[in-house]
Amino acid sequence: MSGEVTQLKHEGSQLQVVAAGAIAGLVSRFVIAPLDVIKIRLQLQVHSLSDPLSTRGINGPTYKGTFGTLKYILREEGITGLWKGNIPAEAMYLCYGSVQFSAYKYISNVLESMPQPYALHGSAVSFISGAAAGACATTATYPLDLLRTRFAAQGTDRVYTSIVASLRHIAEHEGPTGFFRGLGAGVSQIVPYMGLFFSSYETLKPVMANSPVPLPFGSSDAAAGVIASVLSKTAVYPLDTTRKRLQVQGPMRSRYVHRNIPMYTGVIGTLATIAKNEGTRGLYRGLTVSLLKAAPASAVTVWTYERAMAAMLVLEERMAVE
Numbered sequence: 001m002s003g004e005v006t007q008l009k010h011e012g013s014q015l016q017v018v019a020a021g022a023i024a025g026l027v028s029r030f031v032i033a034p035l036d037v038i039k040i041r042l043q044l045q046v047h048s049l050s051d052p053l054s055t056r057g058i059n060g061p062t063y064k065g066t067f068g069t070l071k072y073i074l075r076e077e078g079i080t081g082l083w084k085g086n087i088p089a090e091a092m093y094l095c096y097g098s099v100q101f102s103a104y105k106y107i108s109n110v111l112e113s114m115p116q117p118y119a120l121h122g123s124a125v126s127f128i129s130g131a132a133a134g135a136c137a138t139t140a141t142y143p144l145d146l147l148r149t150r151f152a153a154q155g156t157d158r159v160y161t162s163i164v165a166s167l168r169h170i171a172e173h174e175g176p177t178g179f180f181r182g183l184g185a186g187v188s189q190i191v192p193y194m195g196l197f198f199s200s201y202e203t204l205k206p207v208m209a210n211s212p213v214p215l216p217f218g219s220s221d222a223a224a225g226v227i228a229s230v231l232s233k234t235a236v237y238p239l240d241t242t243r244k245r246l247q248v249q250g251p252m253r254s255r256y257v258h259r260n261i262p263m264y265t266g267v268i269g270t271l272a273t274i275a276k277n278e279g280t281r282g283l284y285r286g287l288t289v290s291l292l293k294a295a296p297a298s299a300v301t302v303w304t305y306e307r308a309m310a311a312m313l314v315l316e317e318r319m320a321v322e
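For the sequence shown, UniProt numbering gives the first residue as 1, with consecutive numbering after it.
Be careful, since some hints might not be right.
Unchecked claim - Here are the simulated distance ranges between beta carbons:
| no. | residue 1 | residue 2 | range |
| --- | --- | --- | --- |
| 1 | Glu77 | Asn277 | 25 to 31 angstroms |
| 2 | Asn210 | Thr265 | 47 to 53 angstroms |
| 3 | Val31 | Thr156 | 35 to 41 angstroms |
| 4 | Gly122 | Val314 | 24 to 30 angstroms |
Note that these hints are calculated values from the structure, not bench results.
Don't be surprised by glycine CBs; every beta carbon is placed ideally from N, CA and C.
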């Protein structure tokens with residue numbers, strides 16, 4: 001683990017960590033919002049394009065790849081269709097980034113300050129801290145994630161007229177647990193994802209910093225973030241698809257843009273049903289756009305976080321001198 005990352009992780013007050021995480025989350029979300037909508041639409045498409053018979057009798061759209069989905073949404077819903085669900089998503093990213101980085105810093109400090117022989121160092125700290133921070137952030141922001149998915153799944157037929165209306169309808173017809181549909185898949189996905197991401201990122205960063213060739217994305221921080229994100233996202237992607245399918249369960253299931261979303265029960269049951277009816281390919285629908293989304297999202301998040309933190313530390317130092 002590089003000294004630069006170790007130093008940064010312990011710099012700044014808790015408030016500065018929260019602020020830098022929030023800024024990173026907001027900027028990242030704005031950049032990747034259209035790709036997120038495309039990914040969700042592809043993940044909710046249950047029929048196979050390789051089997052023409054499976055597309056008969058489907059009232060919803062038939063999306064063909066990332067660019068085909070983009071063109072369809074632009075043609076049928078206009079450019080605003082690419083930002084459906086953006087308000088709850090911005091709120092989610094704002095809170096998620098703050099909780100994630102704050103929890104990561106706190107848990108890392110606790111693990112490294114434990115007495116011998118229990119103290120942990122290096123990749124073990126990165127993995128455990130990243131996984132625990134991801135679980136905390138996912139649980140805390142899950143209702144916003146569910147709203148993001150449901151709004152992004154709306155076509156020209158508006159299922160919910162507003163965020164307030166969606167909150168009222170879910171609470172009335174699905175109860176408090178309705179806001180947490182698919183949470184098991186979310187936590188099951190984020191624990192290995194964040195653990196792998198942080199450990200890979202902090203392992204790759206010194207390698208990228210000493211690279212003899214020019215790096216894309218502007219810096220070793222961003223390049224390391226991109227590679228770590230791609231590796232981690234691919235490993236856990238079937239759970240992400242499962243989470244999306246579970247999030248649109250409920251009384252409004254048949255009104256989303258894909259009218260034929262099956263009824264699923266539980267994480268294991270959903271994985272098994274998708275694998276049986278749609279094959280392995282069904283578990284990885286939208287992976288291409290997800291990787292396209294994950295790369296800039298993680299790069300922008302990490303890059304913005306570190307620059308925001310550095311700027312706040314410089315500002316704090318100047319104010320102390322004055």
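For each hint, the structure was consulted:
1. Distance hint for glutamate 77 and asparagine 277: a CB-CB separation of about 28 angstroms, consistent with the stated range 25 to 31 angstroms.
2. At roughly 50 angstroms, the beta-carbon separation of asparagine 210 and threonine 265 lies within the given 47 to 53 angstroms, and the hint holds.
3. A hinted range of 35 to 41 angstroms for the beta carbons of valine 31 and threonine 156 is inconsistent with their spacing of about 26 angstroms.
4. Checked against the given bound of 24 to 30 angstroms, the beta carbons of glycine 122 and valine 314, roughly 29 angstroms apart, stay inside it.
This entry does not satisfy hint 3, going by the numbered hints stated previously; all others are met.
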